[in-house]
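Generate the whole structure from the sequences, applying the supplied hints.
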Amino acid sequence: MLATVVSWVLGAAAVAAGAGVFRVDSMARATFLLLGSFLAVGGELLVLGLDYLGVLVVLMMTMEMVIMAVFMIMYMMNPAGLTPMSMVHNRRGSLVIAVGTFAALAAGILVAPWPPAAGRPPPDPTVALGEALMGSKMLVMIVLGVALFATMVATVVLATHRGRYDRYGDRLDRPRPDDPVPGGVWR
Amino acid sequence: MTLKLFLLLAAALFSVGLYGALSQQSIVMVMMGIELMVNGVIVGAAAFWRHASPAHPDGQVLVTVAVTAMAIEMAMGFAVVTAIFRARDVDMTDMATDLKG
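Line by line, the protein sequences give chains V and S.
Numbering that gives the first Met the number 0 applies: residue 0 is where the first sequence begins, and numbers increase by one.
Numbering that gives the first Met the number 0 applies: residue 0 is where the second sequence begins, and numbers increase by one.
Accuracy of the hints is not assured; some may be wrong.
Listed below are several chain S residues computed to face chain V (Cβ distance under 10 Å; list not exhaustive) [stated by the list, open to error]:
1) LEU8
2) ALA11
3) PHE13
4) HIS55
Some chain V residues well away from chain S (every beta-carbon gap over 12 Å; in silico) [said to hold, decoys possible]:
5) ALA149
6) ARG166
7) PRO181
Since the hints were derived computationally from the structure, they do not count as laboratory data.
C-beta atoms are modelled at their ideal positions from N, C-alpha and C, and glycine is treated no differently.
Listed below in structure tokens is the structure:
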């Protein structure tokens with residue numbers, strides 16, 4: 000009974016906070032509303048019995064959104080509300096597509112004959128997840144690891160302004176670095 | 000809550016995120032819409048694990064993949080925003096329409 004009430008409240012909170020993200024003007028408020036939506040979803044995972052994944056979502060999204068707030072404020076279009084402007088384009092078309100998507104998904108959800116639960120949850124789902132990731136689902140873990148490593152390399156390459164290949168040439172054989180401003184040590 | 004209600008919650012989160020990703024001009028707000036869509040995937044995968052196949056860990060593995068996809072999406076998104084802002088002073092989608100068909 001309590002779990003039902005909690006999951007209803009968290010579900011309503013998740014959708015309300017998610018909708019609020021695109022209604023507020025302030026980038027900081029939008030970021031923390033998105034965090035609220037993630038925290039509610041983390042709570043739903045806890046209600047469903049996924050203790051580890053629920054806590055993982057809560058901790059990870061808290062850090063992610065705090066970092067995101069910095070970037071949001073860095074790239075915001077309306078600093079301190081001093082230049083009020085519309086931040087949306089094609090609002091009606093987007094609304095039609097979103098409502099249509101929800102209607103199609105909801106129709107499928109309500110019409111499809113979902114199967115009853117096959118089996119019972121293991122006594123400790125975290126152990127089951129760990130054994131799956133290190134056993135039968137190890138390929139998933141390997142791909143995730145490689146993807147995260149590729150992300151680290153790609154983000155550094157994209158975010159670097161001028162690296163050593165810009166300064167010393169593609170073969171790093173330039174005797175003097177090609178810098179826009181001359182000067183520095185040994186020059 | 001039943002499986003259907005959880006899936007409706009997932010569909011609602013996904014649709015709200017889709018609206019945001021399509022309608023926002025700021026590139027970082029588009030990323031927030033995509034994150035909300037992945038958020039819906041997390042709810043759906045967890046609900047399927049609990050209400051359809053709790054004996055197998057497949058649903059849990061899918062949640063792990065979705066959480067990782069979210070982290071990768073945010074990191075790559077901000078790297079691309081930083082790169083295009085530095086190269087061309089662009090921070091809105093309407094200013095980067097080179098590939099528009």
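Verification of the supplied hints:
| no. | hint | result |
| --- | --- | --- |
| 1 | LEU8 | holds (4 Å) |
| 2 | ALA11 | holds (5 Å) |
| 3 | PHE13 | holds (7 Å) |
| 4 | HIS55 | holds (8 Å) |
| 5 | ALA149 | violated (9 Å) |
| 6 | ARG166 | holds (17 Å) |
| 7 | PRO181 | holds (22 Å) |
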